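Please build the complex by placing chain B on the supplied structure of chain A, with the hints as guidance.
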Amino acid sequence: MNVGSLSSVAIGAELAAGGLALSIPPITVRLRSPMAFLADQIHSLYRDYEFVPADAYVDIDIRMLPVNGLRRWAGRQVQFVVDGVTPFEPFPLEHALPMFEWGLNWVVSHRLHGHLLLHCAVAARDGHAVLFPAWPGSGKSTLSAALACSGWRFLSDEYGIVALDDARLLPFVRPVALKNESIDVVRAFAPEAFIGPVFPETRKGTVAHLRPPEESVRRGSDPAVAGAIVFPDFQRGEGTSVKRVPPAVAFLKLAGNAFNYEVVGEAGFRAVATLIRSCGAWILRYGDLAAARAALDDILQEAVR
Amino acid sequence: MTFQADIHWRIPTGQRLVFEDFDDGIVAFDTLVGSTHLLNVTAAEALAIIEAEPGLSAQAIHARLLSRLDLGAESLPLAAVDELLWRLEDLNLIAGFIE
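Protein chains in written order, with my numbering: chain A, 3 to 307; chain B, 25 to 123.
If you are wondering where the hints come from, they were derived from the structure by calculation, not from laboratory data. One or more of the hints may lead you astray.
[Unchecked claim] Simulated restraints on C-beta separations: (1) B/THR37 <-> A/ARG238: 46 to 54 Å; (2) A/ALA15 <-> B/VAL57: 48 to 56 Å; (3) B/SER59 <-> A/ASN4: 39 to 47 Å; (4) B/SER99 <-> A/GLU304: 30 to 38 Å.
[Stated by the list, open to error] Below, a sample of chain A positions facing chain B; criterion: calculated Cβ distance under 8 Å: (5) PRO249; (6) GLU264; (7) GLY267; (8) GLU268; (9) ALA275.
[To be verified] Some residues of chain A that are not near chain B, with every Cβ distance over 10 Å (derived): (10) GLY6; (11) ALA18; (12) MET37; (13) ILE62; (14) PHE90; (15) GLU91; (16) LEU95; (17) GLU103; (18) ASP168; (19) VAL200; (20) ARG205; (21) ARG238; (22) ALA296; (23) ALA297.
Quick caveat: nothing in here was measured; it's all calculated off a predicted structure. Every residue, glycine too, gets a C-beta built ideally from N, C-alpha and C.
Chain A with its partners taken away, still in its complex shape (with noise of 0.2 Å):
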């Protein structure tokens, strides 16, 4: 059953009650809360995930709970809470949603330690996954945003899980944070996309999630094989350019951008070692989404050659 098959309501009752335990592959997330606002950001970004009975084993426990007492002084504010702990400072109390989405990235980030997890967006065309890795601010949340709205396949816009035994990437498909002025281009770049509410002023300035395609939600438990990895480089105003990269050099800068590699170890690097052996590595700089995605063609189509 899906989390759409029922009215926003009826999920407002479940997180408020035992909770609704999401199916987000490769992992199980049970979400409580008694905030009806929340239920219904939750309902329309997360309308075509299966969910799970609430009682059913879940990977990781979320509550989202309003904070009372001395804090008050604030304003109304909302805690993270996971299997018990609260690892954040409260956040204004209308930022649940983007609290929510951040602190199960943080949380993925210091748990998924069997597979290596690059700090990655994945998205793929024709049975080829393309890795984007990248830091905040290379444009990887946009441009993963616009191949999802161009009929590829989307598999993260933050992390590339690379499982460890044969290199093969594990989707994580999820709502895709926009910030700032991206939420705009992407509006611009496909205004059929659905984009939920804007939140103004977060710690990471203006936020807006675009839901992920439902064929890509229903696919998220098929890894796909990588076929490129794709540096982005976001330049305002500038135009398109790609340069190769040397196999070297992209291990270093592949390896380099993991949150784990340390954790898994030798593991990891020849996971790395796999990537790198099977694909080629290019920068892609940009300053226009559309010219970025024909350069994207042009370079999987010389990959896969």
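What follows is chain B alone, placed relative to chain A:
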């Protein structure tokens, strides 16, 4: 006083290096500490020599490098090898000891 000739080189105890050879360089993973290094051919060969024959001096390593890489001493002087060995030591990839 210690002279260069007194120093012999070995791989640190417990260390194992894993190599991946690419067109533009060799990537080495140090399993002891989990660090990754980009090496040129000379550095990778020096490590391989030291791993195969622990306890060699810089002069002996230099001679083996010239042979393995098919180079003359004018292309790879002893001073360059000596400098390389100390750089590898800085990275904890090799350790020097005095006999």
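Q | Nearest-CB test (10 Å) between chain B and A/ARG238 | A | Holds, since 31 Å exceeds 10 Å.
Q: Compute the least Cβ-Cβ separation between A/ASP168 and chain B, then decide whether it is above 10 Å.
A: holds, 17 Å
Q. A/LEU95 clear of chain B by more than 10 Å, beta carbon to beta carbon?
A. At roughly 42 Å from the nearest Cβ of chain B, A/LEU95 sits farther out than 10 Å, so the non-interface label holds.
Q: Would you settle whether the hint for A/ALA275 is holds or violated, based on the nearest Cβ-Cβ distance to chain B being less than 8 Å?
A: Holds. Min distance 5 Å.
Q | No chain B beta carbon within 10 Å of A/VAL200's | A | holds, 41 Å
Q. Can A/GLU268 be said to touch chain B, with a Cβ gap under 8 Å?
A. Because about 5 Å separates A/GLU268 from the closest Cβ in chain B, which is inside the 8 Å limit, the hint holds.
(Q) According to the definition I'm using, a residue is off the interface if its beta carbon is farther than 10 Å from all beta carbons of the partner; does A/GLY6 meet that for chain B? (A) Since the minimum Cβ distance to chain B is about 44 Å, A/GLY6 lies beyond 10 Å and the statement holds.
Q: Test the statement that A/ILE62 is away from the interface with chain B: the closest C-beta pair must be farther apart than 10 Å.
A: holds, 26 Å
Q. Regarding the hint that A/PRO249 lies at the interface with chain B, is the smallest CB-CB distance below 8 Å?
A. holds, 4 Å
Q) Given a hinted range of 46 to 54 Å, is it respected by the beta-carbon distance of B/THR37 and A/ARG238? A) Given about 53 Å between the Cβ atoms, the range holds.
Q) Is it correct that the beta-carbon of A/ALA296 has no partner in chain B closer than or equal to 10 Å? A) Non-interface label stands for A/ALA296: nearest chain B Cβ at 28 Å, farther than 10 Å.
Q. Is the hinted range of 39 to 47 Å satisfied by the C-beta distance from B/SER59 to A/ASN4?
A. holds, 45 Å
The structure is consistent with each of the numbered hints, conforming to all of them.
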